[in-house]
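Enquirer: Sequence lines, in order, name chains W and C. Residue numbers for the first sequence follow the working numbering, so the first one is 1 and each next one is one higher. Residue numbers for the second sequence follow the working numbering, so the first one is 1 and each next one is one higher.
Since the hints were made in silico from the structure, they are not lab data. We treat Cβ as the ideally placed atom computed from N, Cα and C, and that holds for glycine. One or more hints might be untrue.
[What the hints assert, rightly or not] One-sided excerpt, in silico: chain C residues whose CB lies under 8 Å from chain W:
| id | residue |
| --- | --- |
| 1 | G54 |
| 2 | A116 |
| 3 | P124 |
| 4 | R128 |
| 5 | P136 |
| 6 | A157 |
| 7 | T159 |
[Claimed, not checked] List time: in silico SDA-like cross-link candidates among lysine to any residue, alpha-carbon distance up to 25 Å:
| id | chain 1 | residue 1 | chain 2 | residue 2 |
| --- | --- | --- | --- | --- |
| 8 | W | K154 | C | K154 |
| 9 | W | K51 | C | G100 |
| 10 | C | K154 | W | K51 |
| 11 | W | K154 | W | D25 |
| 12 | W | K51 | C | R78 |
| 13 | C | K154 | W | A134 |
Listed below, chain by chain, are the residues.
There are 2 protein chains.
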Amino acid sequence: MPTSSSDSDIKAMRLAIEASARAADQGDGPFGAALVSPGGEVLLVASNNVKTAGDCTGHAEMVLIRQAQTQFGRPALRGATVFASGEPCAMCAGALFWAGVGRIVFAASQADIIRALGASPAMPIDSRMTLAGAQPAVQIDGPLLGDEAYAVLKKFAETR
Amino acid sequence: MPTSSSDSDIKAMRLAIEASARAADQGDGPFGAALVSPGGEVLLVASNNVKTAGDCTGHAEMVLIRQAQTQFGRPALRGATVFASGEPCAMCAGALFWAGVGRIVFAASQADIIRALGASPAMPIDSRMTLAGAQPAVQIDGPLLGDEAYAVLKKFAETR
């Protein structure tokens with residue numbers, strides 16, 4: 001269901017979407033993510049670096065987690081919120097769970113991503129299903145600004 | 001369903017289980033993985049390094065993928081088989097999909113892991129469900145030598 005969202009949610013998601021556009025400009029996957037502390041501070045913004053880093057695990061959320069661990073230590077992730085321009089895949093939803101993130105907010109849904117980028121390669125399980133049985137539970141909200149994130153995906157698909 | 005397995009499958013899985021025991025000895029998560037080329041050559045063996053690397057994403061399969069990319073390049077993973085001492089979580093199953101692995105074989109199942117280590121934190125989705133809709137499909141076999149892998153998990157749980 002669409003999220004009823006605060007101004008701060010919208011600001012953080014715009015940072016994630018801007019990061020998705022920067023990734024696309026570099027030829028990386030068109031995805032970005034932002035990390036917001038439980039107190040509401042934007043701690044980090046990261047972009048997909050699969051192509052530029054030669055790392056198939058370099059999705060924006062993974063880059064964000066690794067950088068946060070290095071820069072702030074693992075506790076900074078616990079209870080934090082991650083804003084993702086694209087709904088986290090199983091790898092990323094799982095990593096966010098292990099990081100102890102409390103809330104995930106996404107813009108473009110898995111269905112949007114497949115509609116823009118195609119169905120292969122694709123792993124269409126949605127993030128709520130991936131984390132359905134997770135203990136402790138993770139709150140998942142979205143789509144939020146799905147149209148804005150989809151526009152970046154669509155432009156990427158048309159120009160690659 | 002249990003896998004009818006070749007001698008080479010059993011040898012590769014024993015390498016993964018031995019790596020799980022080494023990880024446990026270091027205080028890391030008691031999990032290991034082995035990478036076998038499409039031609040049947042064991043290319044790499046890796047252990048969980050979550051604690052020693054301070055990286056929540058340092059599951060054995062993730063360590064294996066990153067090391068393989070660095071050491072052999074991304075193409076080495078395509079069509080390869082990964083033997084995992086514990087059934088891959090959503091993060092790892094997803095990463096193995098993005099790596100282009102053709103086959104996953106696991107020893108201890110998700111249910112075994114939860115039975116040995118407890119239900120929280122845990123993300124109990126099984127690997128076949130995570131990859132059910134994946135295109136291209138990934139073959140998943142297991143459990144194979146589940147009892148041997150479970151013994152490592154159980155010992156870890158009793159001594160930590």
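Enquirer: With a cut-off of 8 Å on the beta carbons, see whether A116/C makes it to chain W.
Expert: For A116/C, the interface hint is violated, since the closest Cβ of chain W sits about 16 Å away, which is over 8 Å.
Enquirer: For the pair we were handed, K154/W and K154/C, check the Cα-Cα distance against 25 Å.
Expert: violated (49 Å)
Enquirer: Can the restraint linking K154/C and A134/W be considered satisfied, given a maximum Cα separation of 25 Å?
Expert: holds (22 Å)
Enquirer: Between K51/W and G100/C, is the straight-line Cα distance small enough, at 25 Å or below?
Expert: holds (15 Å)
Enquirer: Has the given pair, K154/W with D25/W, been kept, meaning a C-alpha gap of at most 25 Å?
Expert: Since the Cα atoms of K154/W and D25/W sit roughly 13 Å apart, the hinted pair holds (cutoff 25 Å).
Enquirer: Can R128/C be said to touch chain W, with a Cβ gap under 8 Å?
Expert: violated (11 Å)
Enquirer: Is the interface hint satisfied for P136/C? The criterion is a beta-carbon contact with chain W at less than 8 Å.
Expert: holds (6 Å)
Enquirer: Answer holds if the nearest beta-carbon of chain W is closer than 8 Å to that of A157/C; otherwise answer violated.
Expert: violated (17 Å)
Enquirer: Given the hint that K51/W pairs with R78/C, test it: the Cα-Cα distance must not exceed 25 Å.
Expert: Roughly 16 Å separates the two Cα atoms, so the pair holds.
Enquirer: Sort out whether K51/W lies within 25 Å of K154/C, counting only the CA atoms.
Expert: At roughly 40 Å apart (the allowed maximum being 25 Å), K51/W and K154/C break the hint.
Enquirer: Take the shortest C-beta to C-beta distance between T159/C and chain W; is it under 8 Å?
Expert: Because about 22 Å separates T159/C from the closest Cβ in chain W, which is outside the 8 Å limit, the hint is violated.
Enquirer: When the nearest CB of chain W is found for G54/C, is that gap smaller than 8 Å?
Expert: Nearest chain W Cβ about 6 Å off; hint holds.
The structure does not agree with the numbered hints 2, 4, 6, 7, 8 and 10 stated previously, though it agrees with the rest.
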